[in-house]
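Starting from the structure of chain A, add chains B and C where the hints point.
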Amino acid sequence: MTAVSSTELSRSRRDSKPRLRRSSPWTALAFLAPFLVIFTVFVIVPVASAVWASLHRWSLGLPGTPWVGGANYAELFAGSTVMSVEFWKGMKATGIFTALSAPLLITLPLGLAMLLHRRFPGRTFFRALYFAPYVLGVAVIGLLWRYLLDRQLGPVNQILGIDVAWTTTLPAGWVSLVVATLWWTIGFNSVIYLAALQDVPKELYEAATVDGAGPLRRFTAITVPGITRVLQFVVAITIIASANMYGQSALITQEQPGSDTRTAIGYIAETGIQGFDIGASSAMSMILAVTLMLLSGIVVLGFRKLGGNDR
Amino acid sequence: MSARRRPATPASRRTFLGLLGSSALLAACAPSIGAGTAQEPARYREGEYTGPRQRLQFWNPFTGGDGPAMAAMVDAFNAAHPDIEVVMTSLVADDMYTKVMPAVGAGVGPDIAIMHLDQLATFAARNTLVPLDEVVEGLGVDGEDFVPAAWDNGVYRGARYGIPLDLFTMAQYWSTDALASAGTPGPVLDARGYTETVAALQSNGLAQPFWVPPSWQLFVTLLAQFGGRLYNPEGTVAEMGSEAGVQALSWMVEQIDRGVSPGGVTDPRTPFKNGTAALLADLPAAIPDLQLTAPDLEWRVAPFPQIGPQPGVFANSHNFVLTGQSQRDADAAHASQTFVDWVSRNSAPWIAGGNTPARASVRETEEFRSSPQAALATEGVFEVAAFLPQIPGSREIAGNSFQRAVGEAVLGGVDPAAALAFAQETAQAELDDVNELLG
Amino acid sequence: MTATTLDRPAAPVAEKPATRRPPRRIALGITLVLLSVVFVLPLVLMVSTSFKSVQEANSLTFTLLPQQPTTAAYTEILGNDRLPVLRWLGNSLLTAVLHSALVVVVATTAAYALARLHLPFRNALLGVVLATMFVPGVIFLIPHFLIVNQLGWLNSYASLVVPSAAGAFGVVLVRQFFAGIDPAFEEAARIDGANAWQVFRRIMVPLAMPAIATLAVLAFLSSWNDFLWPVFVLFSTDMLTLPAGLAQLQGEYASRYDLLMAGAVIASVPVLAVFVFAQRYVIEGVSQGGVKG
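Chains as they are written, first to last, in our numbering: chain A, -6 to 304; chain B, 39 to 477; chain C, 2 to 294.
By construction, these hints were calculated from the structure, which means they are not laboratory data.
Please note that the accuracy of each hint is not assured.
[Stated by the list, open to error] Pairs of lysine to any residue, SDA-like flavour, derived with a Cα cap of 20 angstroms:
hint	chain 1	residue 1	chain 2	residue 2
1	A	Lys82	A	Ile233
2	A	Lys85	C	Pro137
3	B	Lys311	C	Gln56
[As the list claims (entries may be wrong)] A few chain C positions that, by computed beta-carbon distances, are all more than 10 angstroms from chain B:
hint	residue
4	Pro70
5	Leu95
6	His119
7	Val218
8	Gly252
9	Gln280
We put the beta carbon where it would ideally sit given N, CA and C, even for glycine.
Same shape as in the complex, but just chain A:
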């Protein structure tokens, strides 16, 4: 996320100066052309049209698309229509899921990575094993957990001898979604942490051990600062990924009970693509997007405050 630091930009500018004279701008543009075509049509135009659409009343296929200014936003914020109520319910569902799953998806994989960071036979095997659910994809995971958690036929209730409606009641529904997501993606974050841990110089641990630092002290004084950049990356992508959750609630809880586990993005898709209401759904997208950008900003600032050195 924090991909190119400013020092780097200036370095590459300086480095490449002598060669730049030799290539014509057309060469650069030719190399850029495939990217620019797709970038224009599928990045620039969409951002512009999302803003444009959110300022119009627009029902796909109907002739009129009158300009309404901020009315779509005003209606959503006023909370006086069913659509606004349902949208904020979706935002709340997204928020609940993110708040429940992101902390676990940030901390547990770090523990797993530290476990796998040790040297023991079959380490590669275990690493692959824990990562394997990720490659199965959300649909397989959704079907599988729908089965595991079925109230009557599911092994979870049968093995534990309990009767919990995992997919149709709250808060059990949230537990289901979080556990399934954890099982599915824990390996993904773990391998990122693992690579970061391997980049932390061993000498630091040796020195700390010599100085008498215990495991906890070594963790807070060496491990965490050593992986700050990756930690920030993981925090950012995990929050974004959790906030974009859709497949699990579509397949596992099927948005039940009622529509309580329907996420904001699910409602946006329903409103815009099923209900053809492009104007309102675009305004919803903008609100969710701005929320996520603010959240990402807070993460970045938070890490800066924590003294995360930008390498």
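For chains B and C alone, kept in the frame of chain A given last:
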């Protein structure tokens, strides 16, 4: 991927401009998305289609027990028409209505579809469907043979878009054994009969004999019986929050409050099948399901009882429609017309799907008269059938207004009056929006 | 900038206490085994149930293994041409490979231009590209649907391959790698008369292979895992990807868990097989995407 390849031609200004041009072209397309062009009415074409083999796509929402019946009709049509191959796709109704407009626009949708009567305006206004007035006139289909209410409701803004295949109304199902042993053989006829039957069943050991789900069709039925309606006939004013609406929804909630039904019911068929309940309010789609999955249960079906002061029952109808895609050339249009006409006239196998054929000539067959749903096909029912009016975006509006209110009140314990007032306000706002966008 | 090899020996400090203190080693072993059960058991149940009969799958008593193993569910699902699971698998693989290839081509060419070639406003352009990294994906959902609709790409492979191919992440990842390559390599080739394309193909791309592989893996996985988009842009049964198809399967056979699990197994086996052989590259790709990204 090797480094040994012939030297590539240096990127020239021309290549770049070419690429840039195509990018601009793509980009220029984007902002023009939106209103399609108005559809020309389908023209009538003489006789059955013969000629080069045509392949037609036929979408319908028959994913349940009615699917095989429709598949049989399509197979029969294909067998009788060597020049036409109809490919049937059954989609979950919500999916179908989501996909049909963009799919038809892209030319990868259906040529012919079955849509619910209340969906015609939605897709007519969006130019997905073509008017059928000339076709029905040419075919000599003038509504004479059809249930009048179903036929008359297939018109939006003066143009006909649907040819009814069937109609279906809210019904009551009862377990004959349970009611007989309670001493109140069915059917339940009115509010008093209902109270007596429930009391008898309860004292006979069945604590919760009638499970009430958040069924909006049940709500519309009761709404009509209490003298209300969802909208004015022009589809410009929402009226669901009326006193009648509150009475209708309160009646449903009352069954839960009085313990006749448990709360939180989403699937009332299962308890009916396994004897936990003895009465069921459901559509005729339950008929093939009960026959298939509860073969040992003895049950009967009849029109839903008159709970309110006047008769009334929710009604809807599956309709044949032709999409803009079917009019891509004369042959496809002719073949599509042939299919609709033939299946409509030969709709007897549809009886197995549990619904009532829209054509009187099919209802007069012995096959229909001996079917369970024959009990629902009375003139009395047809006269008081409450169809939903033709409103573009009706399902969206319904989902955001009265359907949601029924769910909130029945499942979520929200006060019926408050739920309906909010629903009416929302429906009114959305009606105003739609009418504004229609221009 | 060198690629990290994940399998190099772990930190000596980390291992020493383990060898010195056997109880800790045992605790580690137990933890690993327990964790493995947690990860493997659901998969075992998936396979096991797929070999159960309808009656057994609907039984209210739990059995780990099928009492009377049968392949009936597989026969039923593979024999149903309304549910072409193998075709869905093919669609998923094909579109994921094409998407991955397109991302690689688009990102590397653009990254080369942005890292090395002369262009007015190059840094401004880079700035715009970078800025889009911070635009949440949800913004694109509705506009992409409209544009794909307008282009006539609904229900096509193109709708899955192209729209998200110009992500800023790939360009930034590869550009950063290019920027770290010693310019002397290019100078030498230029002196030998190579043009920009030849320098790119013969020098830069081979040198940037670690980054490119990372990008390819990530692009493949994101396409493979995509659910929301294909569910909404694909219509016909034979065009569905696995995620969209399995969702349809679940919609139609809500509680036929024997069938659903058979579908899930069919969907899992090929990708797990590939993963067994390519796990090093996949895992390295993912971890490098994180560390270098």
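Worksheet item: So is Leu95(C) really clear of chain B, every C-beta pair being over 10 angstroms apart?
Response: 18 angstroms, holds
Item to complete: Against chain B, does Gln280(C) hold up as non-interface, every C-beta pair farther apart than 10 angstroms?
Response: Consistent with the label, Gln280(C) stays out of reach of chain B, its closest Cβ about 23 angstroms off (over 10 angstroms).
Worksheet item: Has the given pair, Lys82(A) with Ile233(A), been kept, meaning a C-alpha gap of at most 20 angstroms?
Response: At roughly 19 angstroms apart (the allowed maximum being 20 angstroms), Ile233(A) and Lys82(A) satisfy the hint.
Worksheet item: Does Pro70(C) sit more than 10 angstroms from chain B, CB to CB?
Response: Given a closest Cβ separation of 26 angstroms, the condition holds.
Worksheet entry | Interface-negative label, Gly252(C) against chain B, beta-carbon threshold 10 angstroms | 6 angstroms, violated
Fill in: No chain B beta carbon within 10 angstroms of Val218(C)'s
17 angstroms, holds
Discussion item. Just to be careful, I want the Cα atoms of Lys311(B) and Gln56(C) compared with a cutoff of 20 angstroms; is the pair within it?
Written reply: 18 angstroms, holds
Item to complete: Hey, is His119(C) genuinely clear of chain B, shortest beta carbon separation above 10 angstroms?
Response: Given a closest Cβ separation of 13 angstroms, the condition holds.
Worksheet item: Taking only the CA atoms, is the gap from Lys85(A) to Pro137(C) under or equal to 20 angstroms?
Response: Between Lys85(A) and Pro137(C) the Cα gap is close to 18 angstroms, so the pair holds against 20 angstroms.
Checked against the numbered hints given earlier, the structure breaks only hint 8 and satisfies all the rest.
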